[in-house]
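Peer 1: Protein sequences appear in the order of chains V and Z.
Here our numbering is used: the first residue of the first sequence is 9, the next is one more, and so on.
Here our numbering is used: the first residue of the second sequence is 28, the next is one more, and so on.
These aren't lab readings, by the way, just hints derived from the structure by calculation.
From the three backbone atoms N, C-alpha and C, an ideal C-beta is built for every residue, glycine too.
Keep in mind that a hint or two might mislead.
To be verified - Computed spacing ranges between beta-carbons, pair by pair:
(1) V:Asp64 x Z:Arg116: 47 to 53 Å
(2) Z:Gly109 x V:Gly47: 46 to 52 Å
(3) Z:Arg32 x V:Gln21: 37 to 43 Å
(4) Z:Phe50 x V:Arg108: 15 to 21 Å
(5) V:Phe43 x Z:Tyr120: 22 to 28 Å
(6) V:Trp80 x Z:Ala128: 27 to 33 Å
(7) V:Gln21 x Z:Gly144: 51 to 57 Å
(8) V:Gln21 x Z:Arg116: 21 to 27 Å
(9) V:Ala65 x Z:Tyr29: 23 to 29 Å
(10) V:Ala65 x Z:Ala110: 17 to 23 Å
(11) Z:Pro139 x V:Ser24: 48 to 54 Å
(12) V:Ala109 x Z:Gln117: 40 to 46 Å
(13) Z:Ala121 x V:Ser104: 38 to 44 Å
What the hints assert, rightly or not - Some chain V residues judged to face chain Z by a derived CB distance under 7 Å, without partners named:
(14) Gly38
(15) Val42
(16) Val49
(17) Phe63
(18) Val67
(19) Gly68
(20) Gly90
(21) Arg103
(22) Gly129
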Amino acid sequence: MIRARTFTDARQQAHSNAELNWWVFMRISGLILVFLILGHVYMTFIQVSESDATFDAVVGKLASPAWKFYDWLILALALMHGANGARYSIEDYVRSRPTRAWVKGLFYTVVALLFAFGTIGLFSI
Amino acid sequence: MYRGREGQWAFLLHRLSGLAILFYLLLHVFSIGSFIFGERFYMAIHNTYDLWPFRIGLVFVSAGVVYHAFNGLRIIVMDFTGAGVAYQRQMWYAVLLISVASFFYALLTLWPRMVGGY
Chain V
9 MIRARTFTDA RQQAHSNAEL NWWVFMRISG LILVFLILGH VYMTFIQVSE SDATFDAVVG
69 KLASPAWKFY DWLILALALM HGANGARYSI EDYVRSRPTR AWVKGLFYTV VALLFAFGTI
129 GLFSI
Chain Z
28 MYRGREGQWA FLLHRLSGLA ILFYLLLHVF SIGSFIFGER FYMAIHNTYD LWPFRIGLVF
88 VSAGVVYHAF NGLRIIVMDF TGAGVAYQRQ MWYAVLLISV ASFFYALLTL WPRMVGGY
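Based on the provided sequences and hints, a complete structural model is requested.
Peer 2: What follows is the structure, given as structure tokens:
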């Protein structure tokens, strides 16, 4: 994890190009997700009741290509942003190397499976 | 534990809200995506999530999302501008204010629906 206050600091502290790319990715995806997620929460939780998210309503909405794209963008960006954020936490708190490798491996597997599950669901209707 | 000032609490809350949102997201992808197993399966999960403890939980998730979103913007401003570092404390109080306001806004919007059962 990079503890930097500016992009210049981040570049100096990064151990690898990958680590610097993740630092940049967190900021760009975060900026996009602010709009996507706050819009999603407003449209599906504030404007309408939670009870309205029935089978017919969800399948009907996700049949539209625009919502497929919107929701798939959230799925992909939020899972990558969340997985990398959790990686920072795992690297901070799980100190034993073998345990850390297992925790990471298990966690990445769960995220990858859910990403596949969500993608198949979205594009199967 | 290191007892820092506002910045330390901003960091801790950002991490906790992020992990909480991630946990919710994983559940949410499964519960909504479960429509591929058919209507009975989906509606069984949906009817469980309609119980009031889960609906109240969504108010906390919303407030957590708002905190993480606005504190994330504060971090970006800090990373790319000098003024952002100088005013990070003031910005954090603004973030807290927006989060608490969102919590009550979501709660007050949800309340009549929950009491009315729709």
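Peer 1: Next step is simple, just say for each hint if it's right about the structure.
Peer 2: Hints versus structure:
1. V:Asp64 x Z:Arg116: 47 to 53 Å: holds, 49 Å
2. Z:Gly109 x V:Gly47: 46 to 52 Å: The hint (46 to 52 Å, Cβ to Cβ) is violated, given that Gly109 of chain Z and Gly47 of chain V are roughly 31 Å apart.
3. Z:Arg32 x V:Gln21: 37 to 43 Å: violated, 23 Å
4. Z:Phe50 x V:Arg108: 15 to 21 Å: holds, 20 Å
5. V:Phe43 x Z:Tyr120: 22 to 28 Å: holds, 24 Å
6. V:Trp80 x Z:Ala128: 27 to 33 Å: holds, 31 Å
7. V:Gln21 x Z:Gly144: 51 to 57 Å: Once the Cβ atoms are compared, 54 Å apart, the range 51 to 57 Å for Gly144 of chain Z and Gln21 of chain V holds.
8. V:Gln21 x Z:Arg116: 21 to 27 Å: holds, 23 Å
9. V:Ala65 x Z:Tyr29: 23 to 29 Å: violated, 48 Å
10. V:Ala65 x Z:Ala110: 17 to 23 Å: Between Ala65 of chain V and Ala110 of chain Z, where Cβ atoms are some 46 Å apart, the hint is violated.
11. Z:Pro139 x V:Ser24: 48 to 54 Å: Holds: the Cβ-Cβ distance is about 53 Å, inside 48 to 54 Å.
12. V:Ala109 x Z:Gln117: 40 to 46 Å: Holds - the Cβ-Cβ distance for Ala109 of chain V and Gln117 of chain Z, about 42 Å, lies within 40 to 46 Å.
13. Z:Ala121 x V:Ser104: 38 to 44 Å: holds, 40 Å
14. Gly38: The hint holds - Gly38 of chain V has a Cβ within 7 Å of chain Z, the shortest such distance being about 5 Å.
15. Val42: holds, 5 Å
16. Val49: holds, 6 Å
17. Phe63: holds, 4 Å
18. Val67: holds, 6 Å
19. Gly68: Not OK, violated: Gly68 of chain V not within 7 Å of chain Z, min 11 Å.
20. Gly90: Holds: closest Cβ of chain Z sits about 4 Å from Gly90 of chain V, inside 7 Å.
21. Arg103: violated, 16 Å
22. Gly129: Cβ of Gly129 of chain V sits 4 Å from chain Z, so the hint holds.
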